[in-house]
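Colleague: Chains as they are written, first to last, in this note's numbering: chain A, 1 to 454; chain B, 455 to 554; chain C, 555 to 1021.
What the hints contain is simulated information worked out from the structure, not anything from laboratory work.
Being a predicted model, the structure only gives us computed values, none of them experimental.
Even glycine gets a Cβ: it sits at the ideal position worked out from N, Cα and C.
Among the clues, some could well be false.
Derived lysine-lysine pairs resembling DSBU-like cross-links, with alpha carbons at most 30 Å apart [unchecked claim]:
#, chain 1, residue 1, chain 2, residue 2
1, B, Lys462, A, Lys338
2, A, Lys64, C, Lys609
3, B, Lys541, C, Lys581
4, A, Lys372, B, Lys483
5, C, Lys695, B, Lys543
6, B, Lys516, A, Lys73
7, A, Lys318, A, Lys265
8, A, Lys318, C, Lys635
9, C, Lys680, C, Lys801
10, A, Lys64, A, Lys92
11, B, Lys543, A, Lys64
12, A, Lys64, B, Lys541
Just the calculated beta-carbon pair ranges, DEER-fashion [stated by the list, open to error]:
#, chain 1, residue 1, chain 2, residue 2, range
13, A, Tyr332, B, Lys483, 19 to 29 Å
14, B, Met553, C, Ile886, 54 to 64 Å
15, B, His467, A, Gly4, 51 to 61 Å
16, A, Lys48, C, Asn902, 53 to 63 Å
17, A, Ser22, B, Gln537, 26 to 36 Å
18, C, Ile665, A, Asp334, 51 to 61 Å
19, C, Asp900, B, Asn517, 33 to 43 Å
20, A, Asp250, C, Lys581, 56 to 66 Å
21, A, Gly4, C, Lys695, 52 to 62 Å
22, A, Asp334, B, Leu466, 19 to 29 Å
23, B, Ser461, C, Ser867, 52 to 62 Å
24, A, Asp334, B, Asn517, 23 to 33 Å
25, B, Lys483, C, Tyr639, 24 to 34 Å
26, A, Lys94, C, Glu866, 42 to 52 Å
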Amino acid sequence: MFPGKTITQLKSLIDEKKVSASEVKEYFLKRIKKYNAKLNVFLTLDEKSEGGVPLAVKDNFCTKGLRTTASSKVLDSFIPPYESTVTTRLKKEKLLIIGKTNMDAWAHGSSTETSDYGPTKNPWDITRSPGGSSGGSAASVSAYLTPGGIGSETAGSIRQPASWSGVVGLKPTYGRVSRFGVIAMGSSLDCPGPLTLNTEDAAYLLSIIAGHDPLDATSSPLPTENYMDEMKKRKSYTIGISEDYFEGLDPDVAKAIEKSIEVYKKIGFKTKKVKLLSPNYAISVYTIIQRAEVSSNLARYDGIRYGNDRTTFGTEAKRRVMLGTYTLSHGYYDAFYKKAQKVRTLIINDFKRVFNEVNFVIGTPTPITALKLGEFAKYPFFGELMDKFNEPAAMAGIPAISIPVGLDRSGLPIGMQLMGNYFRESDILNASYQFEQETDYFSVIKKGIENYKD
Amino acid sequence: MTKKILSKEEILHLAHLARLTLTDEEILKYQEQFGETIDYIKNLGELDTKNVPPTNSVVDLKNVTFEDGVENLIGLTTNEALQNAKKIKGNEFIVDRIMQ
Amino acid sequence: MKQYQPVIGLEIHVELKTESGMFCQCKINQFDAEPNSHVCPVCLGLPGALPVPNKKAIEWTIKIGQALNCTINKHTKFDRKHYSYPDLPKGYQISQYDEPIAVNGKLQIPIINFQSNSNNQLPISKEFRIHRVHLEEDTGKLIHKGSDTLIDFNRSGTPLVEIVTEADFTSSDDVKMFLEELHTIIRYLDVSDADMEKGTMRMEPNISVRVISNNQFPISNQLPISKSQLPKYKVEVKNINSFNFVKRAIDYEVKRHIDLLEKGQTPIQETRGWDSNKNKTYSQRTKEDAHDYRYFPEPDIPPFEFSDAYTESIKKTLVELPHQKMNRYIEIFKLKPMDAYTLTRDINTSDYFEKVLSNQIATSPSAPRNDMGQAIANLIINKKISTELSIEEFIKEATELLKPKETDAKLLDEVALKLINANPKVVADYKGGKQGAIMFLVGQVMKEMRGKADAQTVISTLKQVLK
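Looking at chain A on its own, in the form it has when it is part of the complex (with noise of 0.2 Å):
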């Protein structure tokens, strides 16, 4: 009925009465109950909300009255008695949360594989992950069981699956987005942002879920931007190149990454060569930083108030704890965490310094396409290597996005990245725009969700 289409194309149907807003409900839940068997996106579906649009939404978010697990069993009865500011703001706009999608276990990993509730598979190929930690969101999307989701970033966490999964995902400023509600995982790097099938509803998205929350004393108060309209205006910009971001890629990957910087050159982009510190030290930096905030963050689950106790830890959440707990230990603070948070403002600085010259950093989130499922379990810090190109915005707090830009010798999606300035979404998504109308993302996402038949 709705093959395709878009949050913006199925609004406006709504909103002139061509459709009913339970018809689009019905139609996902649907494809939704078709589809999720075989693919483990949802770990919980509300079934009778009614609302206007239907979103997949990461089951980290806390939602009021609809169980929220963070996909670990430390969490399996819990029922928020309050809601996050994104859900908040996405149900105001009458967007409907209909479920909540699998991911990592309290978002530790980049595969949806440490999800106590089992993995869910890649819609283009279910033997292999669609990456993670907001893995539910990204397949849910490329298979179309919503038009677009909701996911948070760590340090990837929203860009790696929608590489691997063929879809847009965009992480905002850290700051833009209130993590109000938001089950924390390193407090100083999370960021909510959307997962789409185009810019446009990328755009639509950070429009409702993006500005100040007072609940959020990190949350920015610098005024929004009307990203819609910002996103349409022609715009031409110059593309940073640094070596090191292009260093270990997968031929396809690199090819597909050198054609779309033809792209933009084509439509009139510059290119200038850039020197960034190595991403290798980022990860270290993350690391520490993360891992700490770790140890921190999961220390409210003993079990008396919500929740199952401490026993309920999965492996990978466990050594992260040991992990933070033993860089923050007596005697360590400095040589790890002070030394990392030190290296961080070296990051920024950094990154403030080439966005003088250039507007983006171009790259790939992720140098490889989609793992085979129980790739990652092999090698226990895999994730971090693999992760090392989402790793440095992270740690700056810089926005950036994934688009899809082709597909591999094995038909998976390759994702291209595009990292900007501080608060300067609407120049990535009208980039990410303008090769979209270009190109179509060289078809990829149409050709995902040509594989999930009504």
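Dock chains B and C against chain A, hints included.
Modeller: Just chains B and C, lined up with the frame of chain A:
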């Protein structure tokens, strides 16, 4: 194999601080993995950070507060507060008696 | 023989009486409320909840710092302090670690000689250093019942100011006076009820005893004691809810430590509790499970930067503090130090006193007496007239009580003459220049007159006769 940088006792002490119970298998695994991770993050030593201030928060904000006495928009009823608890008595959460 | 000197420091916690919580908008200080009826995701530590600091709590902490003559740090921040207890919902307390709001203060305590009645010189004072003043959040409340411990989170997230002194105290009397003065100051600032029964003021002395051998002469009583001279252990006593109990707990501990030291043992570093029924301390936990708090900067709260203008604007709202006020009463109103001290213990009493005094002087028909201040002070302190009365009513009664007595002049002349004749030695002393000798006669006359005389008149009559 990477060297174990933490003894079993040290791992157990960290587990105690973090209130986690570990199996012997986990202890052994963490000893190895910590070695691997800590070996990797040593690369930060390559960077001179002598006069670099630490970044606690990437948002350029300060003095963020709320005005005392403003309306409480997120208050919970007692039922809402208690609804997810495994064990309650009356209007209170309970745990096994803590020895004084 | 060895000599011993107690080394005592204090940690004092004061719950602020803001309307909202430290990091949430829940109503606090709801002592009679049903358990868990004033809670929200933030103070319950629900997943995803975030703290936002209460502006007034920060201002009040600055104010306390200023009242304690501290330096207010220009840059301050909150940190997470990790430990585990069922009343601590997040597994960490948001507190302050290396950048507290206020540091390096001092408090002068007037030393009042309660025996001395005579002079109105300013009393001497002792000074104790304040190490730091910081702001944090209070925990929930545990109630132990049968085989359960019940948890009420209404108190969770109440702004809690921690005041830490240097280990400057060597006697439990000084500690008690310090705590009383601090309590008075907090009440003057009107930032906390500082009610020990309700637990809105809590005190924890840490105590050790150092050995001073006889040949180590002169004994250094000079403060501060250098770090190297401090004992290698200290014992913290928790859960004390009165100044007297603090004093008793310290005395008990000092004696216990000396007994151990005499036996050649070193007291173990530990936390102890105070049992007010048995009048003794008891061991709670030893250093063995000492905490590794794993402090790190609270990522949910951006840091603070205070401009001079901002801290100055808070300083301007500081009221006259009890010690200053006491000195003013002694100097301006010529009160006896003890009475000035008593009157300034409570800001309502001292306000009342000053109101009466300004009115009395303005409205009294007779010429103002230069001892009016002392006279009014006496009426208030001895509870001759209730301060529950309105100022007008008080003045009416005071005017009546202070009115010069009708004196039976004839009788007075007779009595004066009689007593002068009966006391030739006193008369000789007086005439010989001992002005004070006349007071003996005044007393005798007043006694004989059975109150039917005004003291001033008696004095002038006696002087007249003795001329």
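Colleague: Confirm or reject each hint.
Modeller: Structure-based check of each hint:
Annotation: proposed proximity of lysine 462 (chain B) to lysine 338 (chain A) holds, straight-line Cα distance about 26 Å (limit 30 Å). Simply put, lysine 64 (chain A) and lysine 609 (chain C) have alpha-carbon atoms about 29 Å apart, close enough for the 30 Å limit, and the pair holds. Distance restraint check for lysine 541 (chain B) and lysine 581 (chain C): the Cα-Cα separation of roughly 25 Å lies within the 30 Å cut-off, and the hinted pair is therefore satisfied. Distance restraint check for lysine 372 (chain A) and lysine 483 (chain B): the Cα-Cα separation of roughly 23 Å lies within the 30 Å cut-off, and the hinted pair is therefore satisfied.
Pair hint lysine 695 (chain C) plus lysine 543 (chain B) holds up; C-alpha atoms about 15 Å apart against a cutoff of 30 Å. For the hint pairing lysine 516 (chain B) with lysine 73 (chain A), the CA-to-CA distance comes to about 37 Å; that exceeds 30 Å, so the pair is violated. Between lysine 318 (chain A) and lysine 265 (chain A) the CA atoms are separated by roughly 47 Å; this puts the pair beyond 30 Å, and the hint is violated. Distance hint between lysine 318 (chain A) and lysine 635 (chain C) is fulfilled; the C-alpha atoms sit about 20 Å from each other, no more than 30 Å.
Distance hint between lysine 680 (chain C) and lysine 801 (chain C) is fulfilled; the C-alpha atoms sit about 18 Å from each other, no more than 30 Å. Taken as a hint, the lysine 64 (chain A) and lysine 92 (chain A) pair is honoured in the structure, with Cα atoms around 14 Å apart against an allowance of 30 Å. Among the hinted pairs, lysine 543 (chain B) with lysine 64 (chain A) is consistent with the structure: their alpha-carbon atoms are about 24 Å apart, no more than 30 Å. For the suggested pair lysine 64 (chain A) and lysine 541 (chain B), the alpha carbons sit about 21 Å apart, so the restraint of at most 30 Å is met.
In this structure the hint that tyrosine 332 (chain A) and lysine 483 (chain B) lie 19 to 29 Å apart at CB holds, the actual value being about 21 Å. The hint said 54 to 64 Å for the Cβ distance between methionine 553 (chain B) and isoleucine 886 (chain C), and at roughly 57 Å that hint holds. With their beta carbons about 56 Å apart, histidine 467 (chain B) and glycine 4 (chain A) fall inside the hinted range of 51 to 61 Å. Evaluation of the 53 to 63 Å hint for lysine 48 (chain A) and asparagine 902 (chain C) yields a pass: the beta carbon distance comes to about 59 Å.
For the hinted restraint 26 to 36 Å between serine 22 (chain A) and glutamine 537 (chain B), the CB-CB distance of approximately 30 Å keeps it satisfied. Checked against the given bound of 51 to 61 Å, the beta carbons of isoleucine 665 (chain C) and aspartate 334 (chain A), roughly 45 Å apart, lie outside it. With their beta carbons about 35 Å apart, aspartate 900 (chain C) and asparagine 517 (chain B) fall inside the hinted range of 33 to 43 Å. At roughly 58 Å, the beta-carbon separation of aspartate 250 (chain A) and lysine 581 (chain C) lies within the given 56 to 66 Å, and the hint holds.
Distance hint for glycine 4 (chain A) and lysine 695 (chain C): a CB-CB separation of about 57 Å, consistent with the stated range 52 to 62 Å. In this structure the supplied range 19 to 29 Å holds for aspartate 334 (chain A) paired with leucine 466 (chain B), their Cβ-Cβ distance being about 24 Å. Roughly 55 Å separates the CB atoms of serine 461 (chain B) and serine 867 (chain C), a value that falls within the hinted 52 to 62 Å. Evaluation of the 23 to 33 Å hint for aspartate 334 (chain A) and asparagine 517 (chain B) yields a pass: the beta carbon distance comes to about 27 Å.
Hint check: lysine 483 (chain B) to tyrosine 639 (chain C), Cβ distance near 30 Å, so the stated range 24 to 34 Å holds. The supplied range of 42 to 52 Å is met by lysine 94 (chain A) and glutamate 866 (chain C), whose beta-carbon atoms lie about 51 Å from each other.
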